[in-house]
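Number of protein chains: 2
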Amino acid sequence: MPRVVVDVMPKPEILDPQGKAVHGALPRLGFTGVSDVRQGKRFELEVEGPVTDEVLAEVARMAETLLSNPVIENYTVRIEESVEVQA
Amino acid sequence: MPRVVVDVMPKPEILDPQGKAVHGALPRLGFTGVSDVRQGKRFELEVEGPVTDEVLAEVARMAETLLSNPVIENYTVRIEESVEVQA
Chain R
4 MPRVVVDVMP KPEILDPQGK AVHGALPRLG FTGVSDVRQG KRFELEVEGP VTDEVLAEVA
64 RMAETLLSNP VIENYTVRIE ESVEVQA
Chain B
4 MPRVVVDVMP KPEILDPQGK AVHGALPRLG FTGVSDVRQG KRFELEVEGP VTDEVLAEVA
64 RMAETLLSNP VIENYTVRIE ESVEVQA
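So the protein sequences, as listed, match chains R and B. Per our numbering, the very first residue in the first sequence carries number 4; after that it's consecutive. Per our numbering, the very first residue in the second sequence carries number 4; after that it's consecutive.
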């Protein structure tokens, strides 16, 4: 079944306390070399039928009204390609 | 600066109440044609220096110990390509 992915991230100018907490925890766990972390949300939508431009536009409306807060978050909509699963 | 993305999603056999809530809200907002929704997390890590295989392996260890709960979540690690921003 086709899958559409919506990524929702805090806008660059918005503070991201979750990302900051992760960034602060990394050196305490012995991890180095990461200069910044941002945390957002990922939605995977299973769509009935083929993923047309109309479907992607409809998903963009869902992202704008339900999945994200456009005041503080950006979103991207894309069709999922093959993903290298690592775990 | 190179960016590494870690996507963390609930395992397929694990209930996903957040995704279920989103899925249930869509028809109430007039959206149809979506048969399932899963919600997970997306982390964007800014890495110092080039993204080598060692860096990706280190990020995978971060994902396993800090960013995900391996009992109930899967993660993927990848280098971010160009993204079509929609908002």
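A hint or two may mislead.
Identical copies look the same in the list; a pair holds intra-copy or inter-copy alike.
Below are the DMTMM-like pairs computed for lysine to aspartate or glutamate, each with C-alpha atoms no more than 20 Å apart in a straight line [to be verified]:
| # | residue 1 | residue 2 |
| --- | --- | --- |
| 1 | K44 | E57 |
| 2 | K23 | E57 |
| 3 | K23 | E49 |
| 4 | K23 | D56 |
| 5 | K14 | E57 |
| 6 | K44 | D19 |
| 7 | K23 | D39 |
| 8 | K44 | E76 |
| 9 | K44 | D56 |
| 10 | K44 | E67 |
| 11 | K14 | E83 |
Calculated directly from the structure, the hints in this document are not laboratory data. As the structure is a prediction and not an experimental result, all values here were calculated from the model.
Going through the hints against the structure:
Proximity of K44 to E57 under the C-alpha cut-off of 20 Å is found in neither arrangement, the shortest distances being 23 Å within a copy and 26 Å between copies. In the homo-oligomer, the alpha carbons of K23 and E57 never lie at most 20 Å apart, since the shortest distance is 37 Å inside one protomer and 24 Å across protomers. For the identical chains of this complex, K23 and E49 are inter-copy neighbours only, at 12 Å across copies versus 32 Å inside a copy, given an alpha-carbon limit of 20 Å. In this assembly of identical chains, K23 and D56 lie within 20 Å of each other by CA distance neither inside one copy nor across copies; the values are 36 Å within and 25 Å between.
Taking the shortest Cα distances, K14 and E57 never come within 20 Å of each other, neither inside one copy (26 Å) nor across copies (30 Å). Taking CA atoms no more than 20 Å apart as the test, K44 paired with D19 passes in both settings, with 12 Å inside one copy and 14 Å between copies. Taking the shortest alpha-carbon separations for K23 and D39, only the intra-copy value of 8 Å comes in at or below 20 Å, while the best inter-copy value is 31 Å. With identical chains, the CA atoms of K44 and E76 are at most 20 Å apart both within one copy (10 Å) and between copies (14 Å).
In this homomeric assembly, K44 and D56 never come within 20 Å of each other (Cα to Cα): the closest approach is 23 Å inside a single copy and 26 Å across copies. For the homomeric pair K44 and E67, the shortest alpha-carbon distances inside one copy (14 Å) and between copies (18 Å) are both at most 20 Å. In this homomeric assembly, K14 and E83 come within 20 Å of each other (Cα to Cα) only across copies, at 17 Å, whereas the closest approach inside a single copy is 23 Å.
This entry does not satisfy hints 1, 2, 4, 5, 9, going by the numbered hints stated previously.
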